[in-house]
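Residues per chain are reported as follows:
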Amino acid sequence: MQTRKVPHPGWNLEYLMFLFTRLSGLAFFLLAVIGMAAALIMGARYQMDLGTLMRWTFFPNPNHVLDSNIPDVTFGWANGFWQIMQFLAIFFGGTHGLNGLRVVLEDYIKRPFWQIVIRLLIFVLWVFMILVAVFVVLAS
Amino acid sequence: MALDRRVGFFEGLKYKGGGPMLAWILHRISGLGMIVFISLHVVASFFTQEMGSDWAISINIVYESVIFQLFIVFSVLYHGINGIRIIILDLWPRMLRYQKEMTWLQWLVVIPIYGLTIYIMIQRMITGE
Ligand code: HEM
Numbered sequence: 001m002q003t004r005k006v007p008h009p010g011w012n013l014e015y016l017m018f019l020f021t022r023l024s025g026l027a028f029f030l031l032a033v034i035g036m037a038a039a040l041i042m043g044a045r046y047q048m049d050l051g052t053l054m055r056w057t058f059f060p061n062p063n064h065v066l067d068s069n070i071p072d073v074t075f076g077w078a079n080g081f082w083q084i085m086q087f088l089a090i091f092f093g094g095t096h097g098l099n100g101l102r103v104v105l106e107d108y109i110k111r112p113f114w115q116i117v118i119r120l121l122i123f124v125l126w127v128f129m130i131l132v133a134v135f136v137v138l139a140s
Numbered sequence: 001m002a003l004d005r006r007v008g009f010f011e012g013l014k015y016k017g018g019g020p021m022l023a024w025i026l027h028r029i030s031g032l033g034m035i036v037f038i039s040l041h042v043v044a045s046f047f048t049q050e051m052g053s054d055w056a057i058s059i060n061i062v063y064e065s066v067i068f069q070l071f072i073v074f075s076v077l078y079h080g081i082n083g084i085r086i087i088i089l090d091l092w093p094r095m096l097r098y099q100k101e102m103t104w105l106q107w108l109v110v111i112p113i114y115g116l117t118i119y120i121m122i123q124r125m126i127t128g129e
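Going down the list, the protein sequences come from chains G and R.
Counted from 1, the first sequence has number 117 at position 117 by the working numbering; the numbering is strictly sequential.
Counted from 1, the second sequence has number 73 at position 73 by the working numbering; the numbering is strictly sequential.
Among the hints, erroneous ones may be present.
[What the hints assert, rightly or not] Straight line, CA to CA, 30 Å or less: simulated DSSO-like cross-link-like pairs of lysine-lysine:
(1) R:Lys100 <-> R:Lys14
(2) R:Lys100 <-> R:Lys16
(3) R:Lys14 <-> G:Lys110
(4) G:Lys110 <-> R:Lys16
Think of the hints as simulated: they come from the structure by calculation, not from any bench.
Remember, it's a predicted structure, so these values are computed and weren't measured experimentally.
The task is simple: from the sequences and hints, build the whole structure.
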C-alpha cells in the first residue's frame with residue numbers, strides 16, 4: 001500500500017503546486033470581491049439580476065452582463081482593467097484547476113510511464129486553454 | 001491509492017469516513033466539475049467568436065437550465081468555502097484538533113448562503129422577472 005507523499009518544502013513540483021493551490025485559492029476571493037464591489041458601485045443593484053451579478057463576479061467579461069439593463073457596457077464594464085482581471089482569473093483558475101486534475105489522476109494512476117503521459121497531456125492542455133481564453137478575452 | 005489497496009468500488013462506498021470524507025469527495029467532484037464545464041464554455045465561446053458557429057449558444061442552453069445552475073452554484077460555493085477551511089488548517093496546523101467542528105461549522109455557513117441564493121433564483125424564475 002502506498003499513500004500520497006507529503007510534499008517537502010523546496011523547489012519541487014509537488015511543493016510549489018501545493019503552495020500555488022493555496023495562494024490562488026485566496027486570490028480567487030480577492031478577485032471576486034473586487035469584481036462584485038465594482039459592479040455594485042457601478043449600479044448593479046438596479047441593473048441586473050443575481051445570476052448575472054454572479055457570472056460577472058466569477059469572470060468579469062462584458063458578455064456576462066449583456067443580458068441586463070446597463071445602457072452601454074463599453075462605459076465602465078469593458079476596458080483594460082477588466083481585461084487584466086480576466087487574464088489573472090484565467091491564469092490562476094486554469095493552473096489551479098488543471099493541476100488539480102493532475103493530482104486526482106495521479107492518485108489512481110501509479111505506473112511511471114502513464115504518469116509521464118498524463119503530465120505531458122495536461123501540460124499541452126494547459127497551454128492550449130490559456131491561449132484560447134486569451135483570444136476570447138481579447139475578442140469580447 | 002485506491003487501486004493499490006485493491007478495494008472494489010462498492011466496497012469503497014462502505015468506508016465510513018463521515019463528515020471529513022464527505023467534504024473530501026465533494027471538494028473533488030466540485031473542483032473537477034468546474035474545470036470541465038469552464039473549459040467547455042471557454043472553447044465554445046472561442047468557436048463562436050472566431051468562426052461564428054453556434055456551439056456556445058447550444059452549450060449555454062444547457063448551462064442556463066435550472067438543474068445545472070443548482071449544481072454549478074453549489075460547486076463554486078462549496079469548493080470555495082471548503083478550500084478556505086483547508087487553507088486555514090494547512091497554515092495553522094494546531095487547528096487540526098478542531099477539524100470535526102470546522103467541518104460542521106462550514107455547513108452552517110454553506111447552507112444559509114446556498115439556500116438564500118437558490119430561493120432568490122427560483123423565485124425570479126417563477127415570477128419571470
Ligand atoms: C474560491 C476559490 C477556490 C478555493 C479557495 C480553492 C481551494 C482549493 C484547495 C485548497 C485545493 C486543494 C485540496 C487538497 O489539497 O486536498 C483545491 C483543489 C482543487 N481545486 Fe480549487 N479552489 C478554488 C477554486 C477552484 C476553481 C475555480 C476550480 C476549477 C477551475 C478549482 C478546481 C480544483 C480541482 C480540480 C482541485 C483538485 C481536487 C482534489 O485534489 O481532490 N478550484 N482547491
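Quick rundown of the hints versus the structure:
no.: 1; hint: R:Lys100 <-> R:Lys14; verdict: 20 Å, holds
no.: 2; hint: R:Lys100 <-> R:Lys16; verdict: 14 Å, holds
no.: 3; hint: R:Lys14 <-> G:Lys110; verdict: 24 Å, holds
no.: 4; hint: G:Lys110 <-> R:Lys16; verdict: 25 Å, holds
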